[in-house]
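Enquirer: Top to bottom, those sequences are chains A and B. Just so you know, we're using the numbering used here here: the first sequence kicks off at 105 and counts up by one. Just so you know, we're using the numbering used here here: the second sequence kicks off at 169 and counts up by one.
Everything labelled a hint here was simulated from the structure, so no lab data went into it. Ideal placement from N, C-alpha and C gives every residue a C-beta, glycine not left out. Any given hint might turn out to be false.
What the hints assert, rightly or not - Mimicking BS3-like on lysine-lysine, the simulated pairs with C-alpha atoms at most 30 Å apart in a straight line are: (1) B:Lys175 to A:Lys147; (2) A:Lys217 to A:Lys242; (3) A:Lys116 to B:Lys175.
Claimed, not checked - With the Cβ distance kept under 8 Å, some of the chain A side facing chain B (calculated, not the full set): (4) Thr139; (5) Ser177; (6) Asn255; (7) Ser264.
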Amino acid sequence: MITEELIREILKSSGVDPERFSLEWASAAEAPRFTELITTFTKKIKEMGPLGQAEGTDRDELLLKLRAASSASAALKVKPRLRALTKGFSAEGDYSADVIKQKVEEKLAGIVKSEVGSQEILVRLEQGPLSLDDLAGKVNLTAEEIDGFLNKLGKKGHVSESEGRWTLAPTD
Amino acid sequence: MNQDSFKPKILGFLCNWCCYAAADSAGVSRFQYPPNLRTIRIMCTGRIDPVFIIEGFASGADGIFAGG
Numbered sequence: 105m106i107t108e109e110l111i112r113e114i115l116k117s118s119g120v121d122p123e124r125f126s127l128e129w130a131s132a133a134e135a136p137r138f139t140e141l142i143t144t145f146t147k148k149i150k151e152m153g154p155l156g157q158a159e160g161t162d163r164d165e166l167l168l169k170l171r172a173a174s175s176a177s178a179a180l181k182v183k184p185r186l187r188a189l190t191k192g193f194s195a196e197g198d199y200s201a202d203v204i205k206q207k208v209e210e211k212l213a214g215i216v217k218s219e220v221g222s223q224e225i226l227v228r229l230e231q232g233p234l235s236l237d238d239l240a241g242k243v244n245l246t247a248e249e250i251d252g253f254l255n256k257l258g259k260k261g262h263v264s265e266s267e268g269r270w271t272l273a274p275t276d
Numbered sequence: 169m170n171q172d173s174f175k176p177k178i179l180g181f182l183c184n185w186c187c188y189a190a191a192d193s194a195g196v197s198r199f200q201y202p203p204n205l206r207t208i209r210i211m212c213t214g215r216i217d218p219v220f221i222i223e224g225f226a227s228g229a230d231g232i233f234a235g236g
C-alpha cells in the first residue's frame, strides 16, 4: 500500500489521473468479488475515456511525461526509501490508509516531483535546444528549480548554454 | 471518440495465489466479466515496482488494475 501511494504520487506528477490505477484484493475463492471488481473498474475507465481525455491533456504530451517518469522511478532508488519509511511505521504501529497516504506525501512527494521534473527537462532537451522560459512553461517546476538543475548539469558537462538556450551535450 | 465504441485497454497485474486463481475460477464457474482485461501473472503483488505501472501506461494502457 505504500508502493500504491508512491505510484499515485508518480502518476500525479506526470499528469496522469491517479484514479486510473487501482489496487484491490480478492482471494482465490472469491471469483464473484473478482468479477465485480473488474466490472466496476472497467466501467470507471470507460467513463474516463482514453488516456489523456479525463486529464484534458494531449496524449503525446502525456506519453513524453510518462517516459520521464519511467526513468525517474528507476533513478529514485525506491526500495531503500521505502525501507526507511516502513521503519517509521513499525515504530508507531499505525498502518491505516490515511496515515500511509499522509506519510508518503510528506516524505516522498517532493522528491518524486523534482525527480520527474528533472527527467522531463532531459527528455525535452533531447528534442532540441530550449530556453529557460520554454522549459518553465511546460515542466511542472519553478523557474528557479529548473535553473538550479540545469546549472548543476552544466557543471558536469551534460548540458551547455549559449544565447539563453540550453543544449544537451552529445553522448558518445 | 464515441463513448460506446471506446474499448479501454486495461492491464491487470494479478497475484498467482489470489486474484489470478480467482480469475481462473471465475472462468470455470462461467461468471461474466468485461473482456478488456489483459493479464500479467506475477508471483506476489509485492513484486510490483512503480516502473511496471508507468511503463504500462506509456505502452498504451488506459487503466491498470493490481490484484492481490
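Enquirer: Work down the list of hints and note, for each, if the structure agrees.
Expert: Verification of the supplied hints:
1. B:Lys175 to A:Lys147: holds (10 Å)
2. A:Lys217 to A:Lys242: This hinted pair holds, its Cα atoms lying about 14 Å apart.
3. A:Lys116 to B:Lys175: Within the cut-off at roughly 24 Å; holds.
4. Thr139: holds (4 Å)
5. Ser177: holds (4 Å)
6. Asn255: The hint is violated - Asn255 (chain A) has no Cβ within 8 Å of chain B, the shortest such distance being about 28 Å.
7. Ser264: With a closest approach of 29 Å, the Ser264 (chain A) hint is violated.
This entry does not satisfy hints 6, 7, going by the numbered hints stated previously.
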